[in-house]
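Heads up: the sequence lines are chains A and B, in that order.
The numbering of the first sequence is UniProt numbering, which starts it at 1 and goes up by one.
The numbering of the second sequence is UniProt numbering, which starts it at 1 and goes up by one.
Simulated from the structure, these hints should not be mistaken for lab results.
Errors might be hidden in some of the hints.
Put simply, identical chains are the same to the list, so a pair is met inside one copy or across any two.
Stated by the list, open to error - Straight-line C-alpha distance at most 30 Å; calculated BS3-like pairs for lysine-lysine:
id : residue 1 : residue 2
1  : 137       : 54
2  : 117       : 130
3  : 54        : 100
4  : 23        : 130
5  : 130       : 54
6  : 23        : 134
7  : 134       : 117
8  : 117       : 23
9  : 187       : 137
10 : 54        : 187
11 : 82        : 137
12 : 82        : 117
13 : 134       : 82
14 : 100       : 130
15 : 82        : 130
16 : 192       : 82
Protein chains: 2
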Amino acid sequence: MNRLYHYPLSPFSRKVRLSLAEKRIEVELVEERYWERDADFLRRNPAGKVPVLKMNNRVMADSTAICEYLEETHPTPALLPKDAETRYEVRRLVAWFDDKFNEEVTTKLMGERVFRKVMGTGYPDSANVKAGAKAIKYHLDYMAWLLDQRRWLAGNDMTLADFAAAAHLSCLDYVSDVDWNRSEIVKDWYAKIKSRPAFRSILADQISGFPQPGHYADLDF
Amino acid sequence: MNRLYHYPLSPFSRKVRLSLAEKRIEVELVEERYWERDADFLRRNPAGKVPVLKMNNRVMADSTAICEYLEETHPTPALLPKDAETRYEVRRLVAWFDDKFNEEVTTKLMGERVFRKVMGTGYPDSANVKAGAKAIKYHLDYMAWLLDQRRWLAGNDMTLADFAAAAHLSCLDYVSDVDWNRSEIVKDWYAKIKSRPAFRSILADQISGFPQPGHYADLDF
Ligand SMILES: N[C@@H](CCC(=O)N[C@@H](CS)C(=O)NCC(=O)O)C(=O)O
Ligand SMILES: N[C@@H](CCC(=O)N[C@@H](CS)C(=O)NCC(=O)O)C(=O)O
Numbered sequence: 001m002n003r004l005y006h007y008p009l010s011p012f013s014r015k016v017r018l019s020l021a022e023k024r025i026e027v028e029l030v031e032e033r034y035w036e037r038d039a040d041f042l043r044r045n046p047a048g049k050v051p052v053l054k055m056n057n058r059v060m061a062d063s064t065a066i067c068e069y070l071e072e073t074h075p076t077p078a079l080l081p082k083d084a085e086t087r088y089e090v091r092r093l094v095a096w097f098d099d100k101f102n103e104e105v106t107t108k109l110m111g112e113r114v115f116r117k118v119m120g121t122g123y124p125d126s127a128n129v130k131a132g133a134k135a136i137k138y139h140l141d142y143m144a145w146l147l148d149q150r151r152w153l154a155g156n157d158m159t160l161a162d163f164a165a166a167a168h169l170s171c172l173d174y175v176s177d178v179d180w181n182r183s184e185i186v187k188d189w190y191a192k193i194k195s196r197p198a199f200r201s202i203l204a205d206q207i208s209g210f211p212q213p214g215h216y217a218d219l220d221f
Numbered sequence: 001m002n003r004l005y006h007y008p009l010s011p012f013s014r015k016v017r018l019s020l021a022e023k024r025i026e027v028e029l030v031e032e033r034y035w036e037r038d039a040d041f042l043r044r045n046p047a048g049k050v051p052v053l054k055m056n057n058r059v060m061a062d063s064t065a066i067c068e069y070l071e072e073t074h075p076t077p078a079l080l081p082k083d084a085e086t087r088y089e090v091r092r093l094v095a096w097f098d099d100k101f102n103e104e105v106t107t108k109l110m111g112e113r114v115f116r117k118v119m120g121t122g123y124p125d126s127a128n129v130k131a132g133a134k135a136i137k138y139h140l141d142y143m144a145w146l147l148d149q150r151r152w153l154a155g156n157d158m159t160l161a162d163f164a165a166a167a168h169l170s171c172l173d174y175v176s177d178v179d180w181n182r183s184e185i186v187k188d189w190y191a192k193i194k195s196r197p198a199f200r201s202i203l204a205d206q207i208s209g210f211p212q213p214g215h216y217a218d219l220d221f
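In isolation and in its complexed conformation, chain A is listed as follows:
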């Protein structure tokens, strides 16, 4: 059986879960409290990060390397387009969310509001929360600008770029940190992606200590 070692509110884990589900690759999800740095876990991934995928007796780490591998070994349905220019744009946007958005928004909001509590590292730093709340507005506006010209973030087809973005935003939505009223076009995009069968497992996530808010799994949010 394939296994994904993950944490429910890890956006990198969610990106891989979405790719696997879209490609109908079944996996058993194993929750990993990666900050406890369990010896077995470090043996699977010396980087000590989630997600880690165990598939066909191979153990793989790094969400982007895993998604590229899945794309090459399970090409249908495609999450990367065929032409080099659009593939570039998908990868640029995946990096935009996993690097820039993560640093400016996710680690600021989730890091302070969720991970401090889960890991027991004290109270949220309100300067970080404020900076994250400010930065997310700019990012939502950037998405609106892209979606004004394209059906999906990187072009006319749904790709890994949409999954990367939805992975971060769905984590933040679990703690009610996304203002969906800021842009109708971004809200419509999220409604489309939220209603895909691949999203179901993510909408069913429950994190102890953080009750799921009503709008989170509601397709009509």
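We have chain A; now place chain B with the ligands onto it with these hints.
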């Protein structure tokens, strides 16, 4: 003419410079003081980061997305192998250096020793310098462990993984932060990569305020 907006001591810029040079794609290098957030620069890359490549009237950002694009459009010589398993391993290692090594070592050492001075943001934080100096040992040992089993970091051929690693290590070597005596096998690997024609431009870098140390460009260091 192709142009690369870069900063000489940016490891992400160096990874792209190495790929371009190995593939014999000529570019004009334009030094970008990205922290000054010049309006023209932000128009080229709203993420505000280097490197940015202007090629055939396209403007591209994110070093990994750029390197994948170069691989697809200029496949010879190949910096990604053919089989999916080794391609995965290359990408995992590129992420290892650009994510983990960067966070644990490069930003700690370069960030404190070089960028504070260049950007005028005060004195180095000695706790960070200490943490970076400690972490690099572990990373050199990890490289030695890999190279004990393989000719190059990801397998028997030189790949983007070697360029990602050499990009970070060459920046650190410019400020004499790499102890090459720690592992003979890592030193041999660096000597091999340093002697490639693609490395020449990097060995010629001069950063004002930081005179190039004697061993830096010496192939017999
Ligand atoms: N580049 C990695 C990043 C994964 C990552 O940072 N995961 C976080 C959880 S969201 C983690 O495990 N952090 C632990 C650490 O950095 O030590 C990927 O894409 O998989
Ligand atoms: N994911 C980007 C990261 C590039 C990056 O972080 N570059 C640094 C210089 S080494 C930078 O421009 N930082 C400015 C910033 O983060 O605002 C890439 O691979 O190109």
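These are the hints, each one checked on the structure:
In this homomeric assembly, residue 137 and residue 54 come within 30 Å of each other (Cα to Cα) only across copies, at 29 Å, whereas the closest approach inside a single copy is 37 Å. In this homomeric assembly, residue 117 and residue 130 come within 30 Å of each other (Cα to Cα) both inside a single copy, at 18 Å, and across copies, at 28 Å. For the homomeric pair residue 54 and residue 100, the shortest alpha-carbon distances inside one copy (28 Å) and between copies (21 Å) are both at most 30 Å. With identical chains, the CA atoms of residue 23 and residue 130 are never at most 30 Å apart, being 38 Å at best within one copy and 45 Å at best between copies.
For the homomeric pair residue 130 and residue 54, neither the shortest alpha-carbon distance inside one copy (38 Å) nor that between copies (35 Å) is at most 30 Å. With identical chains, the CA atoms of residue 23 and residue 134 are never at most 30 Å apart, being 35 Å at best within one copy and 42 Å at best between copies. Proximity of residue 134 to residue 117 under the C-alpha cut-off of 30 Å is found in both arrangements, the shortest distances being 22 Å within a copy and 29 Å between copies. When the C-alpha separation of residue 117 and residue 23 is checked against a cutoff of 30 Å, the pair qualifies neither within a copy, at 34 Å, nor between copies, at 49 Å.
Taking identical chains as interchangeable, the C-alpha atoms of residue 187 and residue 137 lie at most 30 Å apart only when both belong to the same chain, with a minimum of 13 Å there against 47 Å between chains. Proximity of residue 54 and residue 187 under a CA criterion of 30 Å is satisfied in neither setting, with 34 Å inside one chain copy and 33 Å between copies. Taking the closest pair of Cα atoms, residue 82 and residue 137 never come within 30 Å of each other, the shortest separation being 32 Å inside a single copy and 42 Å across copies. For the homomeric pair residue 82 and residue 117, neither the shortest alpha-carbon distance inside one copy (43 Å) nor that between copies (45 Å) is at most 30 Å.
For a Cα distance limit of 30 Å, the shortest separation of residue 134 from residue 82 qualifies neither inside one copy, at 36 Å, nor across copies, at 44 Å. In the homo-oligomer, the alpha carbons of residue 100 and residue 130 lie at most 30 Å apart both inside one protomer (17 Å) and across protomers (26 Å), since each shortest distance falls under that limit. Taking the shortest Cα distances, residue 82 and residue 130 never come within 30 Å of each other, neither inside one copy (40 Å) nor across copies (46 Å). Within a single copy, residue 192 and residue 82 get their C-alpha atoms as close as 23 Å, which meets the 30 Å cut-off; across copies the closest is 36 Å, which misses it.
Going through the hint list in order, the structure does not satisfy hints 4, 5, 6, 8, 10, 11, 12, 13 and 15.
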